[in-house]
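Heads up: the sequence lines are chains A and B, in that order. Reading the first sequence from the start, the letters are residues 1 to 150 in this note's numbering. Reading the second sequence from the start, the letters are residues 1 to 297 in this note's numbering.
Just so you know, not all the hints are guaranteed correct.
Simulated pairs of lysine-lysine, DSSO-like, Cα-Cα distance not exceeding 30 Å [what the hints assert, rightly or not]:
| no. | chain 1 | residue 1 | chain 2 | residue 2 |
| --- | --- | --- | --- | --- |
| 1 | B | K210 | A | K112 |
| 2 | B | K143 | A | K104 |
| 3 | B | K169 | B | K17 |
Pairwise CB distance ranges (calculated) [stated by the list, open to error]:
| no. | chain 1 | residue 1 | chain 2 | residue 2 | range |
| --- | --- | --- | --- | --- | --- |
| 4 | A | I81 | B | G219 | 36 to 44 Å |
| 5 | A | H65 | B | R234 | 45 to 53 Å |
| 6 | B | K205 | A | P54 | 21 to 29 Å |
| 7 | B | D216 | A | E13 | 35 to 43 Å |
| 8 | A | E13 | B | E64 | 53 to 61 Å |
| 9 | B | Y203 | A | I27 | 52 to 60 Å |
Think of the hints as simulated: they come from the structure by calculation, not from any bench. Everything numeric in this text was worked out from a predicted model, so none of it was measured. Every residue gets a Cβ at the ideal spot worked out from N, C-alpha and C, and that includes glycine.
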Amino acid sequence: MNAPNRYELYVLEDGEKPVEITEDTKIPNAATIKIVKQDHTLGNMLRAQLLSMPQILFAGYKVPHPLHPYFLIKIQTDGTITPQAILHQACTKLIGTMSSLETKFNREFSFKDVEGTGVGVGGMPTEDPYGGTGGAGGAWSGAGRDYLDF
Amino acid sequence: MQSHDDLEPTVRIRELKKDRVNFVLGNVDLAFANSLRRVMMADIPTVAIDMVEIEINTTVLPDEFIAHRLGMVPLMSSNCDEAIRNTRDCTCLAGCSFCSILLVLNVGCHDDTTMEVTSAHLDVIPYPEEGLETQDSGEELSKRGEYFGHPVGKNEPGVAPILICKIRKGQELKVKCVAKKGIAKEHAKWSPCSAVSFEYDPYNKLRHTKYWFETDERGEWPTSDNGKEEEPPRDDEPFDFNAKPNKFYFEVETDGSLGPQEVVMKDFSNFITTAGSSRTTDKIGQPHPRTQNTTRG
């Protein structure tokens, strides 16, 4: 009854900011960034990308609660760049990787273009999941009578 | 830091069938490959039956049971991004031809044999006139393929329909269904994939797992076919604890609502929007005012 809409897991509410940055007060060049309506898909990928960059001293992420659709990513840099800027760079790099992979997939698919794409599935077995070949079952015993005639 | 960091990612499609694609991804890191898998499974929109209005149900199955089974029927969803809107973004009150598809099922058994109610009995019907089309300038309808929203396999010979229920003489099932767009994060029925297999390191050189065995590890855990793609380790090979996986074997099997090519390509566009949305905003996103104060204080 008071269940939230299921789509609130992945759709930003009106005026909700997708990213919120909290600078760390005790650690230099560090920040915790809250990314809303995203999960491990982005969190882990972003963390891995950050770790591969030389300016990073620390990068880690957590999803504090599985029912709360946001994650926190903690970044510490060596001071040559702010955490915000490096996160921005990491996103750009990821997008670059993805677009290059996209073109490669496109090319591969065009080589392999077989038996039409898009709609439909073929090569499915004609037999139904219950082992038969579809169609009706056998007649009931005492055919001719209605099923309510006992 | 990572040996394959500067290398371009590679991809090789080993097999492409109508409902599946098998490919090898190289020079990316584990997290990236895993995200790709997650996006294909849970972030790609399709259409599925979401609301079921039961008019007559004299079958042996309860209403909820049938509604659930109807929801699981895959519907043709090609070009879902452009061909249909999310109901929550639509201007209509409860559903219109731009954001939903109507399907009806009306069968009764009048024979002495058991009758099977299947997905082939589901018929797409046009939205009952609504005067809305004139004021709404949506172009969604023109982007739809001929069979958009139809149950998968209904218009193809040789594809067995999906059994919903069996009825006997005198029983009847009459329902009206509304199909909507959604993603599998909301409900698994919206997933375009029926299975995604994902493997790396077939010889377990990286020791990311430990195989439990009775007497003989190799004999009890045969390597998969992907083992042919990599060199088997020598027995005296020392463990390289810095090694990183960089070859990932995927097999994506769709339920027919989207073709495998569409699933993979959508994957990237989706991926890019997710990463992009966080990037664009954190560019302008200044530190939160409240936290700025804390920093000073």
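We went through each hint and held it up to the structure:
{"no.": "1", "hint": "B/K210 to A/K112", "in the structure": "violated (37 Å)"}
{"no.": "2", "hint": "B/K143 to A/K104", "in the structure": "holds (26 Å)"}
{"no.": "3", "hint": "B/K169 to B/K17", "in the structure": "violated (41 Å)"}
{"no.": "4", "hint": "A/I81 to B/G219: 36 to 44 Å", "in the structure": "violated (53 Å)"}
{"no.": "5", "hint": "A/H65 to B/R234: 45 to 53 Å", "in the structure": "holds (46 Å)"}
{"no.": "6", "hint": "B/K205 to A/P54: 21 to 29 Å", "in the structure": "holds (27 Å)"}
{"no.": "7", "hint": "B/D216 to A/E13: 35 to 43 Å", "in the structure": "violated (57 Å)"}
{"no.": "8", "hint": "A/E13 to B/E64: 53 to 61 Å", "in the structure": "violated (31 Å)"}
{"no.": "9", "hint": "B/Y203 to A/I27: 52 to 60 Å", "in the structure": "violated (41 Å)"}
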